[in-house]
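Under my numbering, the residue at position 181 of the sequence shown is numbered 166, and the numbers go up by one with no gaps.
Rather than coming from a laboratory, the hints here were simulated on the basis of the structure. As the structure is a prediction and not an experimental result, all values here were calculated from the model. Glycine included, C-beta positions come from ideal geometry on N, C-alpha and C. Take the hints with a grain of salt, since some may be wrong.
Stated by the list, open to error - Here are the computed lysine-lysine pairs in the DSS-like style, where the Cα-Cα straight-line distance is at most 25 Å:
| id | residue 1 | residue 2 |
| --- | --- | --- |
| 1 | K267 | K246 |
| 2 | K16 | K136 |
| 3 | K244 | K267 |
Unchecked claim - Beta-carbon label-pair distances, calculated as ranges:
| id | residue 1 | residue 2 | range |
| --- | --- | --- | --- |
| 4 | E177 | P365 | 35 to 45 Å |
| 5 | E371 | P181 | 47 to 57 Å |
| 6 | A318 | P181 | 44 to 54 Å |
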Amino acid sequence: MKTGSPASRLTGDNGIYISSHELQTGGKSLKTRAALLRTSPVGRPYAHTRPLSIETIELDPPGPDELLVKIGAAGLCHSDLSVINGDRPRPVPMVLGHEAAGTVEAVGSNVHDLAAGDRVVMSFMPSCGHCLPCAEGRPALCLPGAEANGKGTLLSGERRLHCQDVPVNHHLGVSGFADYSVVSRQSVVKIEADLPLVEAALFGCAVLTGVGAIVNTCRVRPGESVAVVGLGGVGLAALLGAVAAGAERIVAVDLAEDKLKLALSLGATDTVLAADSDAAEKIRLATRGGVDHAVEAAGSAKAFELAYHITRRGGLTVSAGLAHPSSQISIPAVSLVAEERSMRGSYMGSCVPARDIPRFIALYQRGRLPVDRLLSSTGPLEEINEAFDLLDQGRVIRHVIEF
């Protein structure tokens, strides 16, 4: 077997299937290049402070319910940025990256439905399948999955990453900013081989969260009206979802004029600059009292309040953006009763990844969900700090690292 070729099912001393790469190291660990975050928070500009260092670290073989995946592409997301800037504290050192796609290199002894060579999209919330939320069909709220993500481990509770004998934490069970990653079987969804991995990666977070907020959380029906507040990757994916769902009126709201122009080209019927002092009034007038569904995708309490104020009587306001943990919202309490208003959170688009990723990909391949329009640029792992500056400054929707 040539070095670097796809793995066969090769069994190591511990009964775990290992790849040809691991055979070079005695079946114990694999050397992999990764973007390592050693401390948080780190200040801007990241091209100067360089929070992510490209290092060679050790990656243990997969456990019985895990996979070794060769990463093909990984998108930069504000959820990664929020770990760098300290808005969402996570244990360090950590290999970031949670929106990724790649190719299976090896599988653990309990994994029988995937094999080397299969292409997969990562899901940033592994689901145990047994806790109450999982039993209710809500894997995005999996209790063991949330606990593992908070601790920086895989669903098994293990860490497979090491650097000079120091354990390294996993980011949301994925750690996709690396040439190779070990992940739980419950963190991947198999996809067809004809979808380029750069595009496939977008389905792991931006599309899953944004489109899912529209079709799963809001359950938008043809002819209804939708507003999206915050036009990053998640917000623009939500806009695409609203178009695909048949919404008649789609209002796009953001602080950046260029994003509003992009929103119009993607199917928005109206655009409003969020900085306008009368933004809420403009939207209420244009939509005869407000929209049926308003989705906040900016990760901002102020943005959610705006979304609430542009939702009609009897309508639904959804938050799909992760605000700072200390943020608080202020709304008129009486309106919940007097106007029969509803508010909901939408984590991971209220999705069932194994169900929703394939159907969203099918919509994309039929031309009904042009998520490739969200891809602003690509680049190598070595330029990741500069790319985070672009994301932080709002100059890209999605930048994807190609491996």
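Of the numbered hints stated earlier in the document, which are not met by this structure?
4 and 5
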